[in-house]
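Asks: Sequence:
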Amino acid sequence: MSLLAYLEDELLMDGDELLVYAKTAPHRYKKYTIPKRNSRKVRAIAQPSKELKFIQRAVIEYLESMLPIHESATAYRKGISIRNNAQLHVDGKYLLKMDFKDFFPSITPRLFFNVASNVGVEFSGEDKELIANLLFYKMRRNSPLRLSIGAPSSPFISNFVMWLFDNALNNGCKGKKVVYSRYADDLTFSTNVKDNLYQTPKEVEVLLKLNTYGNIKINKEKTVYSSKGHNRHVTGITLANNNQLSIGRERKRLISSMIHNFKYEKLQPQKIEELKGLLAFAKHIEPTFYERMNKKYGQQIVSFLVSWQVG
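Residues in the sequence shown are numbered from 105 upward in steps of one, following our numbering.
Among the clues, some could well be false.
[To be verified] Calculated pairs, BS3-like style, for lysine-lysine (alpha carbon to alpha carbon, straight line, at most 27 Å):
{"id": "1", "residue 1": "K182", "residue 2": "K380"}
{"id": "2", "residue 1": "K399", "residue 2": "K367"}
{"id": "3", "residue 1": "K326", "residue 2": "K145"}
{"id": "4", "residue 1": "K387", "residue 2": "K400"}
{"id": "5", "residue 1": "K135", "residue 2": "K321"}
{"id": "6", "residue 1": "K356", "residue 2": "K321"}
{"id": "7", "residue 1": "K298", "residue 2": "K201"}
[Said to hold, decoys possible] Restraint-style ranges between C-beta atoms, simulated for each label pair:
{"id": "8", "residue 1": "M105", "residue 2": "G402", "range": "55 to 61 Å"}
{"id": "9", "residue 1": "R187", "residue 2": "K154", "range": "30 to 36 Å"}
{"id": "10", "residue 1": "E395", "residue 2": "G119", "range": "32 to 38 Å"}
{"id": "11", "residue 1": "S411", "residue 2": "Q348", "range": "26 to 32 Å"}
{"id": "12", "residue 1": "K375", "residue 2": "L123", "range": "50 to 56 Å"}
{"id": "13", "residue 1": "Q374", "residue 2": "D120", "range": "34 to 40 Å"}
The set of hints was computed from the structure by calculation and includes no laboratory data. Given the structure is predicted, the values throughout are model-derived calculations rather than measurements. Backbone N, C-alpha and C fix where the C-beta goes; we use that ideal spot for every residue, glycine too.
Required output: the full structure, derived from the provided sequences and hints.
Replies: As structure tokens, this is what we get:
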């Protein structure tokens with residue numbers, strides 16, 4: 105079944121009506137900016153309208169059955185979290201982290217269809233028009249179509265277009281006893297073989313040119329090497345020297361201090377919400393620390409905190 109026929113059935117819309125709507129879809133976005141983490145720069149967000157979001161989810165349901173996601177991609181997948189991503193690297197003595205530059209906005213319909221063709225999936229002209237217009241947006245009226253940060257369809261599309269790259273890079277890493285994973289635009293490599301990662305950045309750049317047609321590039325400012333004996337962090341999680349995952353000393357001190365203040369009614373309501381989030385994170389990443397907080401402050405207080413609601 106074609107995408108057009110599928111959407112006609114799912115959305116109860118006429119095909120011609122869908123094609124007309126699709127032509128206006130790249131402009132049905134609310135655009136704004138948010139500050140980038142630990143930076144003075146801002147990130148452009150494009151939020152599709154409610155109606156367009158509904159249609160985008162239907163398109164992804166159709167595409168998921170035919171387009172592969174590589175096992176090295178750990179973001180935006182059900183049942184997989186940043187914990188799973190970090191766990192892959194916990195036993196490695198040597199670590200390399202890299203980052204893509206402007207990842208989502210660098211993904212275009214042309215890249216999507218090129219990768220699809222390379223994995224043996226071809227679309228009709230009508231379906232190509234629907235995918236391009238329904239899943240990609242225009243920053244300005246005459247701008248080229250790009251993937252937006254803010255659409256529910258963008259995570260799946262971003263994972264799929266990296267399949268050729270992920271597959272080629274993962275195969276090369278296995279041959280060198282290197283573990284590779286990609287969490288959205290964060291690439292992580294680990295190994296126990298000294299000096300085994302120094303050629304990896306060059307290899308990554310070559311494979312990006314071959315498999316993303318020059319669209320995706322590395323942000324060289326964020327390429328970082330580290331090893332045991334130094335602070336090692338993967339997607340916000342600390343890799344401790346005892347080969348365990350940790351939330352890190354600073355977070356532990358902060359959580360302990362906040363629970364202490366809560367116990368003596370010195371914590372503001374908005375800070376209590378923040379503490380709830382930190383405790384949930386700690387329980388997921390480092391449950392032994394969560395249990396220590398239970399013993400130190402009493403399970404009753406920690407349980408009350410977790411279930412606490414404003415008002």
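Asks: Would you mind marking each hint as holding or not holding in the structure?
Replies: Going through the hints against the structure:
In summary, the hint linking K182 to K380 is supported, as the alpha carbons are separated by about 23 Å, within the 27 Å threshold. With a C-alpha separation of about 14 Å, the suggested pair K399 and K367 falls inside the 27 Å cut-off, and the hint holds. Proximity of K326 to K145 is assessed by CA-CA distance (about 15 Å); at most 27 Å being required, the pair is judged to hold. At most 27 Å may separate the alpha-carbon atoms for a hinted pair to count; K387 and K400 meet this at roughly 15 Å.
Between K135 and K321 the alpha-carbon distance is near 24 Å, which keeps this suggested pair within the 27 Å criterion. Using a Cα cut-off of 27 Å, the hinted pair K356 and K321 is violated, with the two alpha carbons roughly 36 Å apart. Distance hint between K298 and K201 is fulfilled; the C-alpha atoms sit about 16 Å from each other, no more than 27 Å. Taken as a hint, the range 55 to 61 Å holds for the pair M105 and G402, whose Cβ atoms sit roughly 59 Å apart.
At roughly 32 Å, the beta carbons of R187 and K154 sit within the given window of 30 to 36 Å. Taking the beta carbon of each, E395 and G119 are about 58 Å apart, not inside 32 to 38 Å as hinted. Against the hinted window of 26 to 32 Å, the Cβ-Cβ separation of S411 and Q348 comes to about 28 Å, which satisfies the hint. At about 51 Å, the beta-carbon gap between K375 and L123 stays in the expected band of 50 to 56 Å.
At about 51 Å, the beta-carbon gap between Q374 and D120 misses the expected band of 34 to 40 Å.
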